[in-house]
Structures are given as C-alpha cells and as structure tokens.
Amino acid sequence: MARKTSGTKSRKYQPSDLVDPRPWINRQSYAGLKEWLREATQQRIYLPVVIPHNVMPIAYLTQLLIQSEPQTKTHLRIIIPELIREWGANDEPQSLDDLLILCGNLNCNEAENAIGRIITEKLPDNEVGTRLRLRALSVLQEIGTDRSLHIFKRYIGDRQYAALCYRSLYLLNMNHAVTELEGMMKLYRHQNADDALEDILKILFKYTLKMQQYICVLQPLVDQAPPETFVDALELLSTMNIMNRAFFRELPTISRVELIAQIMKRGTADQAERISMMLGNCGLKVVPPPGPIGPESLDETEGPATSAPASEIVGSELQFMLEFNDQTSSPEPVPLITTAELGKHKFWPYYRLFEPDVESVLED
Amino acid sequence: MTNKPKPPTSNPRGNIWWDNLEFDVSQENLPAETYKEFLEAIGQYIKTKNQDERPVEVIVKALGEPPVLFALKGNRAPETEPLSRVVDAGSFTYNVKYEELFGLGTGAKLADTIWDLFKNGDIVPQRHFQGKLRSGRNFFWGTPTRTLEPLCDTQEIRKNEYAVHPPEKADDVATEMRNLLGLSHIAEGVGLYRIDIPVEILEQVKICAPTTLDSSPLCVFLPADKTTRYGWTLNLTNLQPGAEEVVVEPIDFTADFKVTQIGFVRGPLPNSEEVWNALETIVKDRLAKQEVD
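Chains A and B, in that order, give the protein sequences.
Following numbering that gives the first Met the number 0, the numbering of the first sequence begins with 0 at its first residue and continues without gaps.
Following numbering that gives the first Met the number 0, the numbering of the second sequence begins with 0 at its first residue and continues without gaps.
Read the hints as simulated data drawn from the structure, not as lab findings.
The reader is advised that the hints may include incorrect statements.
[Claimed, not checked] Once the Cα atoms are required to be at most 25 angstroms apart in a straight line, the calculated BS3-like pairs of lysine-lysine come out as:
| no. | chain 1 | residue 1 | chain 2 | residue 2 |
| --- | --- | --- | --- | --- |
| 1 | B | K118 | A | K201 |
| 2 | B | K108 | A | K209 |
| 3 | A | K205 | A | K185 |
| 4 | A | K264 | A | K185 |
| 5 | B | K158 | A | K205 |
| 6 | B | K96 | A | K152 |
| 7 | B | K46 | B | K60 |
| 8 | A | K72 | B | K108 |
| 9 | A | K11 | B | K60 |
| 10 | A | K209 | B | K118 |
| 11 | B | K288 | B | K225 |
| 12 | A | K185 | B | K96 |
| 13 | B | K96 | A | K205 |
| 14 | A | K201 | B | K108 |
| 15 | B | K108 | A | K205 |
| 16 | B | K118 | A | K205 |
| 17 | A | K11 | A | K72 |
Kindly generate the complete structure, drawing on both the sequences and the hints.
Laid out in structure tokens, this is it:
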C-alpha cells in the first residue's frame, strides 16, 4: 500500500527540539499537533522527534506523549479518536495499529464508538484484520463502557477474541465472570485448550481479584452454574493453587460454610469423589459419617443432589463430615459451626469445621 | 570520496552523524558503492524535495524504509557468538501474546502486568512469546552476551526465564546496563529485560558491524575501526566507549531465547550536553587520528 504524502512544508522547530522534542510537542496548537500526528502515523515521519535506532517507533512515541503536558494530552484525546474515525480500509494497517496503541495508553475515551465501528464494519476477516481486531478489542477494554457490551458479547464465542472479550466483560461487571464462564469452558475444552483456559482464570483470580474477593465470583458460580461447569472450574482452580487452603482460611466462617455446603449440595453423584479430592487439596478433610444416617433426617424438599461411592451413600444422600485437615493443630478442635447453624443444609448432620492452628497455616 | 562537501547544518548533533559516516568510509566499514548510492539519494532528495528541509530531515527521509536500502551494509561480520538485546518493559510487551492468550488490554498498565506475570513465572515461552526481534527499521542492535553476563548473577524462574540474583541488586544492574549500552532514551523508573539469542539461531541470519547508516541521525554511537568487527556504544557513566555492538536482521522470538528480567533503572540520565560534547570529542579525535595515520 502506498504511503500518503502530506505535501506539507518543512516543520518549524529549534535544534534543541531534536534532542528533546517534548517542549516542541507541548508548544503545538491543536491543528499543529493533529497534522504532525497524522504524518507520524501515516508516513512514519516523526520529526522533530527522532526515533532512537534501537526501539520500536510507537513504543518511543507513546512514552513521549504520555509525558506531555495536560493541555497537550487533552488535545491528543480528541485528535487520536478523530484520526481513528478517519481511518479507512484502504489505509495502512500499521497506521491504525499505532493510533490504537496511542489511544489505549492515553485513555482516549472519545474513540469508543469509532473503534466499535472499526471492529464490526471496517476490518476484513483475514490475518491482518484479525490482528487489528485483537488490538482494537484490547483498546476497547481500556476505554469501553456498557455501550460496548454488545461488541464483546458478539466476539466472545470466537476463540481468537474470547479471552479479551471475557476479561472486558467482567471488568465492566464482575457478574459476567460467572455468567460467561460456562461458555468459555465449553469453547476451550472443546478445543483441548486447557492451558489457555488456565491463563484466563489466572488473570482473573491472580491479577484482578484479591484473595478476599474470590468468593464474589466463586459463590455465584457454585450457586448458578451447572454442576459440571462449577466442579470443573473449581477443580482447575484447585490444581492452579488459586483455590487453596489459604483461601478457605481467609474466608469468614459463614462464607466458608455457605460455599462448601453449596458445593456439596449442588454436586452430583458422580462428582462426589472429585469434590472430596478437591476439598482435600484445599486442606479440608472429607470423611464419611461415623454411622448410618436414616433417610428421616433428610429434608425431602431439597431433593437428592449429591451422591458418592456406594459405601458412603445412605439412602440417596451423601453424608460428609468436613474438618480442616490440619493434624498439627490444637488437639481440642474448636467447632466453628454446628448442625443447627447449617440450617437447611441437612445433608451434613456431621458437618464440623475445626479451626486450624493459625500460625502453622501461615508458616505453610 | 571523503572530500565531498557535507550538507550544511545548524545542528552540531547532525555533524557528529556526518563525521561518523566519514569515519566509516575511511575505515572501509561501508561498501564504496553503498556510500555512493547514499550520497546520490541525498543529492536527489535535496534537488527534488523541499529546499527548506533541514539536514536531519534529509537523513531521516533518505534512510526511511521501506524499501531497505542502506541498513545492514557493514563490510565486516563478527565471529558468530551469543548475542543479547536489552529492551525496555514497554517494548517487551510486543513480544508477548497478551491479547489473545491473557486477554489483557493495551493500556498504560500493560508493561507492569507483563512484568508481574514474568516475575511470577506465569509467562510460558512456548505459548506466550511472539513476533520478531527488531527495531523500527528492519533489523535490531545486539551486544555480545559475554559483555553483559559479568554484570549480574541470575536465578531461574522457569526454563529460559531468569531474574537477577540477589534481587536487591536488580535495579543497580539495570542502571549499569542502561549506561553501559548508552541507552540515552531510557529514563529513570523504566524496567529492562535482557534477551539472549542462541548461536544456532544467529548462524542462520545476517550479522554485521553497524555503520552510521544503521544509526539514527541523533544517536550515541561510534562506528567500528579497521581493527574490530564491532561498533561501540558510549558508556553514559564515564562518557567513554562502552560495549561492542552489531546489527542483526530480524529474528522470530521463540522459546529458544533466554530472557532475564533485570530491574528498574534508577538514577537520572547524564546531562545531554555533556553526552553530546563527549561524543563529539571522541568522534573528532578518531577522525584526526586516522588522518594522521
């Protein structure tokens, strides 16, 4: 693709501007700045900015503009969206890429609609189009509002864009982390992409939420998602050491009980061993009850929701006793919750949680 | 050939570039044909384009690519040995598949997030490395790994990923590395990575001593002399020639590369006037010496 020519006269600047172009950038009027940026992105002539010979021009330019004065940044936050709006399918892909990078780094919110249109209307479905759509979606994640929800929802089913759209959605509203997870797991598991799925969950749990906030996603996940989804997800999180002993230890007692009770309640018969193992990995010991429990102790309205290997099944229900599996903790375990406190969760007449020794957990 | 008049310049920095080019020619670093073509390009440019343009603009535009006309033209190639490239944290993000695999946005916090991911061992080279090693033009600058290795010990994070050991030295090492390599565009607070390229990969690509035509019109750089196959950086600590440099054609960035997360540069850059004055003195001294020789 041929470069556009500006036909503009030589730009006016001082010799000292070549060494440090920041004063020159800050001196520019709105029109001057726009003309310069257009030439920089379309023709890749940046003068009086001289790009050092060992860096990517856009990386250098981005740092330079981030350091500009507030008034200049205000201009840029209008100019960059305008240049993005002007970009057409016949223009250089590189110029759009550069503008998008600047847009994301300078937080040019005005570009939201223009980027939305580029993603949905202006980009071809070829390699270049896919690369630019990825970049555009990644910038929309930075500047987008609820107005862009439909775009993220439109592309979340496409594996190439799924990770970006999933994160963009939950950054707008954390409920999406739960509601979209089932679809994401199906998409990635269908393509045997467990590693990629781990990356996505890692970013959500390790790099977005604090440990104390995990429960805000995990509780609704266990409450709302089909058992096969939430058990898969929890298993994966346990394998990744995200849902672990420390997490359960940090949880307030009532949240801990609620979460575990719900896992047990909503898990299905064929998942009992997996649930048991998963909780075991988190320092929770799941053991059969000491004696048979008659069906009369069960609340029939709850319906049979869980089961386990035959030896552990009484009637159609699974009875568990859970305790923190900390053998080194105090010999006299302190019950944190009683059966009565469990209320309707009558599957667990022997449910007891024991406070582990705090210091030994911390040492772990 | 060296007696051709230099285009007039109001900027002494531009003179350093022309003096370096003259030195290149005198040391036969550059094929005579390439030098001739470059002067012709400059002449043609001055003749047909805007007469008001400054010499620096003329150089920038004449060197502008594509097409690749004047890069990687150095006459001498060094022995193949492990090379390293040092990049800032922002540039490193372009070599990580952060959008498709991590779902991360392109924004001001990206470099920090990638830094943390690397530090925690959450970047898996086989899956997450992408793109090519290159700069704005169609090649990149490298330094022999042996020059950088003595600056620090490293500790493995995961296969082919390392951090400085002990960690408390990381920022000092980053600062020393910035200065040794003359990275005068890297300010305080910027994180650095060192990328080591294995010999097996370098054997398959073009490497040569850099010439002035590989450098930007305003750069801290000293071309090779007849006795060496390397150009030189200007060490920003003592303002003397620093580390050896070569230029290399772009290479796919793969899991075979060893990456070390260095640390954050601490301490300001030296005064730019002092840097340019020191460079100018060295360049002029070299020219004067070769004229005597």
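Hint check:
1. B:K118 x A:K201: holds, 14 angstroms
2. B:K108 x A:K209: holds, 17 angstroms
3. A:K205 x A:K185: Measuring from Cα to Cα gives roughly 22 angstroms; hence the hint holds.
4. A:K264 x A:K185: holds, 23 angstroms
5. B:K158 x A:K205: holds, 21 angstroms
6. B:K96 x A:K152: Measuring from Cα to Cα gives roughly 22 angstroms; hence the hint holds.
7. B:K46 x B:K60: Judged against 25 angstroms, a Cα distance of about 14 angstroms means the pair holds.
8. A:K72 x B:K108: Answer holds: K72 (chain A) to K108 (chain B) is near 17 angstroms, not above 25 angstroms.
9. A:K11 x B:K60: With a Cα-Cα distance of about 16 angstroms, the restraint between K11 (chain A) and K60 (chain B) holds, given a limit of 25 angstroms.
10. A:K209 x B:K118: holds, 18 angstroms
11. B:K288 x B:K225: Given pair K288 (chain B), K225 (chain B) holds - Cα atoms ~13 angstroms apart, limit 25 angstroms.
12. A:K185 x B:K96: Satisfied, since the Cα-Cα distance of roughly 22 angstroms is no more than 25 angstroms.
13. B:K96 x A:K205: holds, 18 angstroms
14. A:K201 x B:K108: Satisfied, since the Cα-Cα distance of roughly 17 angstroms is no more than 25 angstroms.
15. B:K108 x A:K205: Judged against 25 angstroms, a Cα distance of about 16 angstroms means the pair holds.
16. B:K118 x A:K205: holds, 13 angstroms
17. A:K11 x A:K72: Judged against 25 angstroms, a Cα distance of about 21 angstroms means the pair holds.
In this structure, none of the earlier numbered hints is contradicted; all agree with it.
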